[in-house]
Amino acid sequence: MSEKKRKVIPDEFIPEVRSRVITLDNKDYLLQNDAMFTFYERSIGELSPFFLAIRDEKRILGCKCTKCGIVRVPPMVTHCPDCDFAPTQLVEMEQAGKMNTTPPITYFATSLFLDKAPFGRGRVILKGADTALSVMLYTTTGILVPGLIKKGTEVKVIFRDERVGQISDIFCVPTSELTPQQVAKKGLQESELNWEAPKEPEFPKPSKEDLAIYKQSLKEMQALASKMSQSKRARKAIEGWKRSIAVKTKAGEFAMFINNGDFRIEDKKLESPDFIIACEDPKTLLDGLMYKGAITDSVIMKKLWISKNLEFNTIFKLDRLARFLVMEQKEKKAAK
Amino acid sequence: MAKKVGIVGAAVTPFKGKWYQKTYYELAQMATREAVKDANISIKDVDAVFYGIYNDIFERACIPEHPLQGIIGMQNKFGIRISNGGATGAYTISAAHAYLAGERFKTALVLGVEKATDCFDFTSMSATPEVIKTIAWSGDCFFEQKIGWSASDSYAEIVLGYMDEYPGTLKPKVTAQISSLLSKQVRTNPYAQRQFDQVTPEEVMNSRYIVYPFKELEICVYSEGAAALILAEEETARAIARNSGKPIVWITGVGEANEHSYAGKNQKNMSHIVSDYLGSHRAYEMAGIKDPTKSIQIVELHDAFIQQLEISMAEFGLVPYETVDSLVEDGIMMPDGRLIVNPCGGLVYCGHAVGASNIMSAWSARNELIKRKMKTALVHGTGSTVAQYTACAILEHE
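Heads up: the sequence lines are chains A and B, in that order.
If you count the first sequence from 1, position 326 lands on 326 in the working numbering, and the numbers rise without skipping.
Quick note: to get the working numbering, add 336 to the position in the second sequence (first position is 1).
So here's chain A without its partners, still in its complex pose:
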């Protein structure tokens, strides 16, 4: 959807006016749906040229101190605080540069960025600049994994097709994923990149041994799911959540159902699941549910494929299910 047509608070974030009661130690406590909201028509003031240049001209501006010559990007000051406030001048910057340090990668994002994860955010020193510009980082090759962008990696500023005059109008990708012409071009837009489309993996034919492993793994997962549904703490991990998931492995396909605290696994194919999990070896998923390695990490390491990035959120909940079950078992043991 166009950025320009979006509401400043998307409708899906807004809960209904409602309250509920939670009972603890035989006492009732009230929970009220609520919000603190303030709307702004915010002045961008002296920063306007920077954001207008991004929006209207696909240019990046910095500011240069007339005394010491330091070039700051973004141009956050009109006067240099290091030179007794000597004036600065706006200058146009190159649109490629090197990473100042290795950037982090966000897998579990804030509620506003759940649909954008995983993404990197780091600081690039554009050619000719002395300070670093904070940018979102992506790869055109799929999910961003550790090691792909490091300190010193050359990256290129890419402009969103729809720009509204905000810092999110730009992001960076490694120049190694671009053609020399794209690297040289000023104002390169996201639609000009060759984004690799998500593709469901294909598995080889299963052996007899694979089929036996599948059967055994499924049985163990079903038993675990039953335990999780009975665990007060584990149920909390999927409270209020509903998903039907088709799980495809080399040796067979089954279904996982999450329904407001209940977790069920059935040996059946789903016609229209909410999303698909594909993993060649069902033990990858079994290990995750047994708390012997995070399912999230299996997605990151490409051992497990999901059809929708947004469903990382459900994957996190599956990891929490496993952790909460183990925590409850530990607490029970400690109480004895």
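The hints are simulated quantities; they were obtained by calculation from the structure and are not laboratory data.
It is possible that part of the hints are untrue.
With a Cα cut of at most 20 Å, we get these calculated DMTMM-like pairs of lysine to aspartate or glutamate [said to hold, decoys possible]: (1) K352(B) / E328(A); (2) K601(B) / E154(A); (3) K283(A) / E538(B); (4) K98(A) / E501(B); (5) K352(B) / E331(A).
Knowing the structure of chain A, use the given hints to seat chain B on it.
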């Protein structure tokens, strides 16, 4: 000559993932009630209150401290709120210390409180994404909020910057052992959110990535709770101590620093936490500590992330930068090691009720100094984007 200032009373409420049973009004009063009881004084004996509350949105009110003034019995007296990101609690101690040392007051209440997990994301039906979104309003509002800035990714920038400069440090096996150690230490803290969550290093290493390079069991947990200290200048402190029968723990040094929030030439050094270096060394200087490796016995540091705990220890001068993993590999902070680090379980296991956290750390350091009959502890708070803010205090048991 500034007046000597000491801690004569302290208390915390239980730290919980969610306090359904109490609002921040009651949590604040609970900690206050217990702190004055610990000092064996009346709230009427307290001259001033210093509130540590980090984030208005958590409490769902601007100036959230205003109802507390009467609720805690401090009406018609001096009250001021400190809000310095994650370092709020440590800065609140520092502010109260300054007023007492400057002879404005004889006694002060340092009160930290936070109610974080009322925030709730109705799209994922869980609190955490909304809690971290609320914290994410603390990022740079022109250049970073709109591109996914979060507390975790901004601290991860520093950790990765450190690893760029000192390759081979902050090894996952080491951070996993530290997390596991803290989970064992928390077992004796009945106020902790995760008192019974003892984990093995393998569990830490197997836990999921939240923000690379941080795994779930290497990150502090958001809590709700309150903590309070009663501070007094020397003569008053001695009189209170005589009455309560409890020893005074003196605050002999405080130090603070806030760095640049931008990176690059003449800006923030992204491979270090310079604020931790400056804050700790300023506190050492004030306390007359020449060699912290010989003087400091207990460290209660703000472990927002385990990797940052290691970096902070290096910035404090307690372990070399290049061999920071010797904290574990040479047993420096392991059982029977030279240093006791976060005996309360730290913020990773006791919990992070932001405005109250560093005050909880001071509560723990005081208890440990008295219990173990030790002399010197370092209390630390870090906060804001890229670990920009630091405040430290040196506590000494007479």
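Hints, verified against the model:
no. : hint              : result
1   : K352(B) / E328(A) : holds, 16 Å
2   : K601(B) / E154(A) : holds, 18 Å
3   : K283(A) / E538(B) : holds, 18 Å
4   : K98(A) / E501(B)  : holds, 16 Å
5   : K352(B) / E331(A) : holds, 15 Å
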